[in-house]
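K.L.:
Here are the chains, one letter per residue:
2 protein chains.
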Amino acid sequence: MTRIAILTFDGFNELDSIVALGILSRVRKTDWHVTLACPTPTATSMNGVTVHAQSTLAGANSADAVIVGSGVRTREIAADAALMSALQLDPKRQLIGAQCSGTLLLARLGLLGTLPACTDLTTKPWVQEAGVEVLNQPFVAHGNVATAGGCLASQYLAAWLLARLLGREAAAAALHYVAPVGEKELYVSRAMEHVARCI
Amino acid sequence: MTRIAILTFDGFNELDSIVALGILSRVRKTDWHVTLACPTPTATSMNGVTVHAQSTLAGANSADAVIVGSGVRTREIAADAALMSALQLDPKRQLIGAQCSGTLLLARLGLLGTLPACTDLTTKPWVQEAGVEVLNQPFVAHGNVATAGGCLASQYLAAWLLARLLGREAAAAALHYVAPVGEKELYVSRAMEHVARCI
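Same order as they appear, the protein sequences are chains A and B. First residue of the first sequence: 1, per the working numbering; consecutive thereafter. First residue of the second sequence: 200, per the working numbering; consecutive thereafter.
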């Protein structure tokens, strides 16, 4: 059984949680579970879309892989001691990815160490303030921890997880499916370049 | 007031509804309303994500712009006479876009006429069967009706709607925000090329 949890909080950015979910769910194996993991039974996005939680923070803590989603309330979450201490993520036993402002949470959880990371342009100063160098690129991974910046860079985070968990062929196949018609080779090759640089 | 409804049915493809919603919602105007329009109070995606409807089919019928989303149940919907007759879309008074299998619904509603359209690779034979030529490209628009193929081509559909409703600058700004860091110019210029070809 492989479990991937996408941490999704109130105020979440829809693209950051959902693009990864859609791509990761292209894998058609009965023992492959991709879920939106929320601290509450539902979460409402920054633009008013309410989704039902499919798993919990505890489920994320024990998942094989976790994506920390992004949103407009990340600074509040980072300041919420109870919520932050409920997150027991561990790159020794999990693959961990952060999307956009999710990088700020990884920084605050001490999971980025001294390595440079990716995030979106809005979150950049806050991540820098947390002592982390921010790269001008969409994706980077160091060992079991990856970060991505810019909503649509979530495709690279998903591709990295697929490549690490199932191999590059599975990653390329999932990307091929979601890419625009007529641009599929372009999308797959660029994503796989980003991934190949880091694994 | 500008209202944009994204038709979202049970079995929906998450990317096809949500990428467009996220991009279109970048417009920060109080009289700008982007909603998921569903025939039921909730809709559950092809991968088990349940969302709450934000508007109804009747709301979509009177909206300024409508995107017909995609999903794994589109052929059932196309065969549902009650549901199809509840859709009263009219390109004379609305901008209408279809994403992937949404193109099949537009074909069955007679809204594509004899013009070629875009759709995803899975839906392609069904759209051809409905008598519509399918292009090997991600996006096309003829007048007030646009179609897109491949989940991530939803960015082009959203850009076209923004360009038509608010101008190219608004479209480029929204795309710039969601594009991957370090690839923003690339994403914006490609999307705007697709759009410019059709308006």
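Because the hints were derived from the structure by calculation, they are not lab data. The C-beta atom is built at its ideal place from N, Cα and C for all residues, glycine as well. Possibly wrong hints are sitting among the right ones.
[Said to hold, decoys possible] Looking from chain B toward chain A, a few residues come up when the C-beta cut is under 7 Å (computed):
hint: 1; residue: V218
hint: 2; residue: S224
hint: 3; residue: V250
hint: 4; residue: A252
hint: 5; residue: G330
hint: 6; residue: E332
hint: 7; residue: Q336
hint: 8; residue: L351
hint: 9; residue: V380
hint: 10; residue: L385
hint: 11; residue: S388
[Said to hold, decoys possible] A few chain A positions that, by computed beta-carbon distances, are all more than 12 Å from chain B:
hint: 12; residue: V51
hint: 13; residue: T56
hint: 14; residue: E76
hint: 15; residue: A78
hint: 16; residue: S85
hint: 17; residue: V145
hint: 18; residue: A179
hint: 19; residue: K184
K.L.:
Against each hint, give a clear statement of whether it holds in the structure.
P.N.:
For each hint, the structure was consulted:
1. V218: holds, 6 Å
2. S224: Interface hint status for B:S224: holds (4 Å vs cutoff 7 Å).
3. V250: With a minimum Cβ separation of about 5 Å from chain A (threshold 7 Å), the hint on B:V250 holds.
4. A252: violated, 10 Å
5. G330: Since the shortest Cβ distance to chain A is 19 Å, the answer is violated.
6. E332: Constraint on B:E332 not satisfied, violated at 14 Å.
7. Q336: holds, 4 Å
8. L351: OK, holds: B:L351 within 7 Å of chain A, min 5 Å.
9. V380: holds, 4 Å
10. L385: violated, 9 Å
11. S388: violated, 13 Å
12. V51: violated, 5 Å
13. T56: Non-interface label on A:T56 holds, nearest chain B Cβ at 15 Å vs cutoff 12 Å.
14. E76: holds, 20 Å
15. A78: Non-interface label stands for A:A78: nearest chain B Cβ at 20 Å, farther than 12 Å.
16. S85: The assertion about A:S85 holds, with a minimum of 28 Å to chain B.
17. V145: Given a closest Cβ separation of 17 Å, the condition holds.
18. A179: It is violated; A:A179 is separated from chain B by about 5 Å at its closest Cβ, not greater than 12 Å.
19. K184: violated, 7 Å
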